[in-house]
Each structure stands twice: as structure tokens, then as C-alpha cells.
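Asks: Could you build the full structure based on these sequences and the hints that come with them?
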Amino acid sequence: MAHVSLPIAPRRFGETKRTDAWWIQPAVIFLLFSTFIVYSTWAALQGNHYTYGPYLSPFYSPELFGDSAHAWFGPRPGWWPSWLLFSPAILILWAPGGFRFTCYYYRGAYYKAFWADPPNCAVGEPRSSYRGERHFPLILQNVHRFFLYFAILFLVILLRDVWDAMWFTDATGHRTFGIGVGTLVLAVNVTLLGGYTLGCHSLRHMVGGILDRIAERPVRQAVYDCSSCLNRNHMQWARLSLVMVMFADLYIRLCSLGVWTDWRLI
Amino acid sequence: MSAATFRIWRGERGDGRFEDYPTTVSEGMVVLDAVHRIQSEQANDLACRWNCKAGKCGSCSAEINGKPRLMCMTRLNELDLAKPVTIEPMRAFPHVRDLVTDVSWNFRVKQKIQPFTPCAPQAADGTWRMQQRDVDRVQEFRKCIECFLCQDVCHVLRDHNRHDSFVGPRFLVHVAALEMHPLDTADRMAELREADGIGYCNITKCCTTVCPEGIAITDNAIIPLKERVVDRFYDPLKALVRLMRRETRDERRETS
Ligand code: SF4
Ligand code: SF4
Ligand code: FES
Ligand code: FES
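Line by line, the protein sequences give chains L and Y. The numbers in the numbering used here rise by one with no breaks, and the one at position 156 of the first sequence is 408. The numbers in the numbering used here rise by one with no breaks, and the one at position 110 of the second sequence is 119.
No wet-lab data here; the hints were simulated from the structure. The reader is advised that the hints may include incorrect statements.
Unchecked claim - In silico EDC-like links for lysine to aspartate or glutamate, alpha-carbon gap of 20 Å or less:
id: 1; chain 1: L; residue 1: K269; chain 2: Y; residue 2: E87
id: 2; chain 1: Y; residue 1: K92; chain 2: L; residue 2: D272
id: 3; chain 1: Y; residue 1: K92; chain 2: L; residue 2: D464
id: 4; chain 1: L; residue 1: K269; chain 2: Y; residue 2: D24
id: 5; chain 1: Y; residue 1: K65; chain 2: Y; residue 2: E155
id: 6; chain 1: Y; residue 1: K152; chain 2: L; residue 2: D464
id: 7; chain 1: L; residue 1: K269; chain 2: Y; residue 2: E28
id: 8; chain 1: L; residue 1: K269; chain 2: Y; residue 2: D29
id: 9; chain 1: Y; residue 1: K247; chain 2: L; residue 2: D464
id: 10; chain 1: L; residue 1: K269; chain 2: Y; residue 2: D89
As the list claims (entries may be wrong) - Listed next, the stretches of chain L that the computed footprint assigns to chain Y, with coverage defined by at least 3 CB atoms under 8 Å from CB atoms of chain Y:
id: 11; region: 386 to 393
id: 12; region: 443 to 453
For glycine and all other residues, C-beta sits at the position ideal for the given N, C-alpha and C.
Replies: Written out as C-alpha cells, the structure is:
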């Protein structure tokens, strides 16, 4: 009989008896999230090419102050310090950013992929100390529900953007109804964001999870069931909507730069 | 019949080593069958715990190729038999011998959780009424067979040894089954936050992945409990509403 010695003791970083390629999943998530962070930061700081025709990039919506026709309150405000870089996106991106950052799915995913806590299930960790979400700073993740309130508001605004993306202005200044590929891109984007936001654990809790008796409340039951149904695939909604929101910005940016042509379907 | 090698951890009280056991296997066998064959043919003193061989007693938990699983529910055709299959005891509990660990910590933890506290009987004959819809949620949690695989894989216990301050996913499922029960009246929020240490869970979902009963531990038990803890301790708006309600109640009491 061959002997292989291995004591039952705390494992070293990355040590495991798992035989599958356990590192692929955190590596893919690391790449995906890093790509998003780099791209969204870059796009948000550009401050230009975020509109094309009736389309407004979701990174820039709502455009509170800005130079495009979508701006709610006109151009860059006078009180904005001149030395500080201005972009309509940085005024609002904290809300969807905070929403995703404190989302239960993302938390679990980035604790693994970015912090190796753990690198993957049943794989040794780099640190022995651990505070979890019990202490500062991660106890602040509990603010998630407040970001949810903003996220719901943003969802309504993005729906409105899809509506606006159906009204094209022609050469004579007339607004006509139409659908372009960009309209579809924005519509798919808001659908995926809707699937993500409405399946949020905090929302699911608020609409029904909080109750121990729901049988006699048919409306709450129906809403809770809908939210639970979306919640079952919360991870997929989270990932797909992340990719789509990035693509929607890229689409509008490349159309605005003249690299891509936006096809009018109707 | 084909050949396969099982690399089994042998030893006592944490001290030991892997030993390779080549044996023959046939179609339909599970890992526990192979262990039994090795026990009868090559290693009569190999210690392993089992009982039902049907995935229902939760005794045969071990780590197979590094993943916490029930030996009786792991079919050999799911494994790559070209390489030795490793079988180790669970790592989150004190080791006793070979594949056996001492899981008694779990039973002590359970005793500390406030038990089911039903409301007063709702019918004249001293019985209660519940709607199926209201117990659906709780029934998922009651499928638990106490195999403790979720406890074993949870890094808070496995890697960080927080056995003194974190009850682990199994008992968060247990608390969820009590807290969400339509007839239960006990309030376990303070204990969830303090003694049970729910904040230590960082929702990495490893427990859900290994549960042989398919309980959505993280999504249906832990996160909803975390949300209830937020309601009670970390939501200033809720605190305000609670305060106002209390004041109106007091005012009403005074005027009456
Ligand atoms: S989700 Fe929480 S309880 Fe489950 S394994 Fe991860 S840290 Fe442990
Ligand atoms: S919750 Fe699942 S994994 Fe955990 S002890 Fe129960 S059956 Fe086993
Ligand atoms: S839990 Fe993911 S969005 Fe709220
Ligand atoms: S022997 Fe009962 S669960 Fe495996």
C-alpha cells in the first residue's frame, strides 16, 4: 500500500483535494467584474459621445446636468468647481454602482473572486483572520435596501428613455415614431435590469418575505411569487444586465463616433 | 467489473495519512459500496459511519475528491476512476478515526437556539390552524437530514474555526424554520445577530452547493434572516416607524 501523508490541518492558500478546475469560475468573475469597472469608469469620465439621436447611454441617465438635449436642468452648473472634472455620469453612477456593490449576489461573488474569502468552496484561504459582515466595514453592506429604492427609480427613468428612443427627429425638426437597433438595445437593457432589480433579495423580503402568514393576502402573495421567481435566477440576471448595460453604452458611443451605423427598423 | 483506486485517509485524532486501496468496482456502485468492499477485503479496521444507504440518515458525510458529499449518494460513474479517488473525513469537526469525525458540537449548538414557541391554540378544541401556503417555506427547511456537509464546507467554520461565535448554515436553516413558522411567537433576532453570528456569513453559497437535500440555504434561509436582522437593527427608517407606532400606542393608552 502506498502512503501519501497529509495531516488534517488548516489548509494553505489554494490548497484543496478538489480535482476539478475550481479556479476557472473565480477567474472568469474577476475578469468580468474588472472589465466592467475599468470600462464604466472610463466611459463615465469621458463626458461625451453618450447620446446618439434619441438614444441616451444608461451610464448617463438621468442626465441631471449636461450639454445634450436629454439634460433635465440644463448645462453644467455654475457651482461645480472648475478644477473638478465634470461628467453627467459621475453625478448619478453612485446609485447603480452602490446597488450592485451591496447586492447579495455580487457580495458573495467578489468576496470569492477579489478577496479569496474563500477562493472557491473547500479551497484553502490566504488569511486566517476573519471579520465577515459582522463588523465594520462590511457591516455597511446592510444599506443595500436604500440603494434599492434608487434602483427602482432609475428603472422607471430608463423605461422612459426607451420611450424617448422611439421618437426620431428628422431633418425638418419633426419627431416621428420609429424603432432602431439602438431602441432595441435600450429595451433589452431595461428588461434585464428589471429582471435583476425586481428579483432583489431586499425587495423580495419587503413585498412578502417579511410575513410569516401570507396565505390570506393574495396581492402580496402574487407580488412575492413574482419576485421569488426572478430571485431564483438572480445571479444570471445580475451578470447579463451587467454585460448589457456596458454594451448599451458601447453601442451608443460607437454610433456617436461614427464607427457603427444604427439601423432603423421602422 | 473494472479497477479503481481509493485514496482513503487513515489515522486517529487528526494524525494520519492517505492510503491507497486498489479494488474492483462494478456498474451502479456508490462510493460507500467501494468503502464497504475495501473494509471487507483489505482493511477490516477502517472506521466509517453510515446507516441508511439512501441519503436520508445523514451519517456517511465525507469529502470525496475534495468536495463534501454523502458517500452513499455519490455514484462512481460521476467520478474519474482513472485517477485515485480521495476520501477524507469532514474537516470542520474534530477527527475521531479514519473517516469518522465528532459532530457533537452541532447538537450542543442546537440546544442553545430558542425552541418552537407556538401561539395560544386557535380552536376551541385546543388545536391550531395553518394554511399549507404558509408552511411551504418552512417545509423546505425541514427536509434537512443533518448531514452537516454545509457546516463542513462553510469557510467560517472550516477555515476560520468560528465555532464559538457562528452557528453555521445548518442552524441558520433551523432558525429560519422556526422564525418563519406561522404559529411561532418567539423573537430570535437579537440572538441571530449576537450568539448565532449571522453577520459572519458572507453569502458565498458553498453551503447551498453541497446540500444533498437541495435546500436553497443561502437564498431562502440566510438572506431572508439577514434582511430581518437589518429590519430590526440597521434600518433607521424602520426604527423611526417603530418609535412612532409606540408613541401613538402610548398616547392611546393614556387617553383611554
Ligand atoms: S453562504 Fe454563508 S453559511 Fe453558507 S457556506 Fe458561505 S459563509 Fe457559510
Ligand atoms: S442543510 Fe443540507 S447540507 Fe446542511 S445539514 Fe441539512 S441536509 Fe445537510
Ligand atoms: S440582492 Fe442583488 S440586487 Fe438586491
Ligand atoms: S448512509 Fe444514510 S445518508 Fe448515507
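Asks: The structure should be examined with respect to each hint, and the outcome stated for every one.
Replies: Evaluated hints:
| no. | hint | verdict |
| --- | --- | --- |
| 1 | L/K269 / Y/E87 | holds (16 Å) |
| 2 | Y/K92 / L/D272 | holds (12 Å) |
| 3 | Y/K92 / L/D464 | violated (50 Å) |
| 4 | L/K269 / Y/D24 | holds (18 Å) |
| 5 | Y/K65 / Y/E155 | holds (9 Å) |
| 6 | Y/K152 / L/D464 | holds (19 Å) |
| 7 | L/K269 / Y/E28 | holds (15 Å) |
| 8 | L/K269 / Y/D29 | holds (15 Å) |
| 9 | Y/K247 / L/D464 | holds (18 Å) |
| 10 | L/K269 / Y/D89 | holds (14 Å) |
| 11 | 386 to 393 | holds (count 4) |
| 12 | 443 to 453 | violated (count 1) |
In the structure shown, a violation is registered for the earlier hints numbered 3 and 12, in ascending order.
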